[in-house]
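Q: Chain by chain, the residues run as shown.
2 protein chains.
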Amino acid sequence: MNFPSKLIEDAVTEISRLPGIGKKTALRLALHLLKQHEAHTEALSLALTRMRQEIKYCKICHNIADEEECSICKSHRRDGSIICVVEDMRDVLAIENTNQFNGKYHVLGGVISPIQGIGPEELKIDSLVARIDLGMNSEPVREIILALSATMEGDTTSFYLAKRLKDKGVKVSTIARGIPVGGELEFTDEVTLGRSIMTRINYSSE
Amino acid sequence: MNFPSKLIEDAVTEISRLPGIGKKTALRLALHLLKQHEAHTEALSLALTRMRQEIKYCKICHNIADEEECSICKSHRRDGSIICVVEDMRDVLAIENTNQFNGKYHVLGGVISPIQGIGPEELKIDSLVARIDLGMNSEPVREIILALSATMEGDTTSFYLAKRLKDKGVKVSTIARGIPVGGELEFTDEVTLGRSIMTRINYSSE
Numbered sequence: 001m002n003f004p005s006k007l008i009e010d011a012v013t014e015i016s017r018l019p020g021i022g023k024k025t026a027l028r029l030a031l032h033l034l035k036q037h038e039a040h041t042e043a044l045s046l047a048l049t050r051m052r053q054e055i056k057y058c059k060i061c062h063n064i065a066d067e068e069e070c071s072i073c074k075s076h077r078r079d080g081s082i083i084c085v086v087e088d089m090r091d092v093l094a095i096e097n098t099n100q101f102n103g104k105y106h107v108l109g110g111v112i113s114p115i116q117g118i119g120p121e122e123l124k125i126d127s128l129v130a131r132i133d134l135g136m137n138s139e140p141v142r143e144i145i146l147a148l149s150a151t152m153e154g155d156t157t158s159f160y161l162a163k164r165l166k167d168k169g170v171k172v173s174t175i176a177r178g179i180p181v182g183g184e185l186e187f188t189d190e191v192t193l194g195r196s197i198m199t200r201i202n203y204s205s206e
Numbered sequence: 001m002n003f004p005s006k007l008i009e010d011a012v013t014e015i016s017r018l019p020g021i022g023k024k025t026a027l028r029l030a031l032h033l034l035k036q037h038e039a040h041t042e043a044l045s046l047a048l049t050r051m052r053q054e055i056k057y058c059k060i061c062h063n064i065a066d067e068e069e070c071s072i073c074k075s076h077r078r079d080g081s082i083i084c085v086v087e088d089m090r091d092v093l094a095i096e097n098t099n100q101f102n103g104k105y106h107v108l109g110g111v112i113s114p115i116q117g118i119g120p121e122e123l124k125i126d127s128l129v130a131r132i133d134l135g136m137n138s139e140p141v142r143e144i145i146l147a148l149s150a151t152m153e154g155d156t157t158s159f160y161l162a163k164r165l166k167d168k169g170v171k172v173s174t175i176a177r178g179i180p181v182g183g184e185l186e187f188t189d190e191v192t193l194g195r196s197i198m199t200r201i202n203y204s205s206e
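In order, the protein sequence lines correspond to chains A and B. The opening position of the first sequence corresponds to residue 1 in full-length UniProt numbering, with each subsequent residue numbered one higher. The opening position of the second sequence corresponds to residue 1 in full-length UniProt numbering, with each subsequent residue numbered one higher.
Mixed in with the good hints there might be a few duds.
[What the hints assert, rightly or not] Computed list of lysine-lysine pairs in BS3-like fashion (alpha-carbon distance at most 25 angstroms, straight line): (1) B:K59 with B:K168; (2) B:K168 with A:K6; (3) B:K56 with A:K24; (4) A:K74 with B:K6; (5) B:K6 with A:K6; (6) B:K56 with B:K124; (7) B:K168 with A:K59.
No wet-lab data here; the hints were simulated from the structure. Here the structure is a predicted model, which is why all the values come from computation and not from measurement.
Build out the structure end to end from the sequences listed, making use of the hints.
A: Structure below.
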């Protein structure tokens, strides 16, 4: 595209660096900002800069936090003996929304991905092991729940973690893979269906 | 969503004010910026602020420009007797890409939309009339081509402009509506097909 102005071109270039935003969308957003009051753009720029410069991470679970320790890690009403391992903040929000989990979290900050050059060292795995070993929790850890995506990378990370935690004397579990609630059998892919049969739940003994 | 940090919440609120971006996408973009180097966010913020504060508009055609007069208005190789009226900068880019137009442009800055409270006064219509009346062009204007979207708002604006320009002694035309090149007849909607029959092109006499 031949932009009539260097200012627009620079803005479009920067906006289109964001994931999932191409040049056309970037131009649409830039023209939108130009139609709005100047204060709108200033508020956006300031919010982004402040977020990037001042953001803090909880020193225990590594989730984004406003203080040194996040509200979940500080809470005495949450069960510190169960730690749910997730990829990032969005997964914490998603699990919190279910109201089905009252333990604590550990945010890895990503998953193992050789293609993107992310190895175990780039993730917060050592500090997870330290939480178990050194009793950094208020209570001794009983169980680690691996709640990672059902992708190649997520599974690789789960496998790696299960191996690393094998001799720690804690139960390691992973969230169930199966057909989604409301899903119909005939439209479920074979791998998912196969797994949901293999990991079937026994009604009679429970 | 219960964000664990006010900084993230502010950023997500500001990003999701952009058109077509919801809270979930905004959060994804914010987390992406947090994973990138700080310089990335600073460059984005600076580009947006600079664009909004320093942007200039061509005093003749009102397109975005780096100087007082845009390169198209300044050019002597373009035919100043034909003015193509468009909604915004994107339409200028789109028409320039066709390589089918060698006249000049006039950017209205929007279309008449009573729902959004945009009347003719909000658009650069008076200055279009002045371009014809006062001979602000290098040459007298012969033809005005209305190249507005084939929507209710675009058609309303075209109709309004045609009325305003009726006694100015210039030819007023509008770009053809019809089936797109490569389009199949049976999949074209009735209104478009009807219009393309009504405004059929006579092979024999041309």
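Q: Hint by hint, say whether it matches the structure.
A: Status of the hints after comparison with the structure:
no. : hint              : verdict
1   : B:K59 with B:K168 : holds (22 angstroms)
2   : B:K168 with A:K6  : violated (37 angstroms)
3   : B:K56 with A:K24  : holds (21 angstroms)
4   : A:K74 with B:K6   : holds (17 angstroms)
5   : B:K6 with A:K6    : violated (34 angstroms)
6   : B:K56 with B:K124 : holds (15 angstroms)
7   : B:K168 with A:K59 : violated (73 angstroms)
Hints 2, 5, 7 from the earlier list are contradicted by this structure; the remaining hints agree with it.
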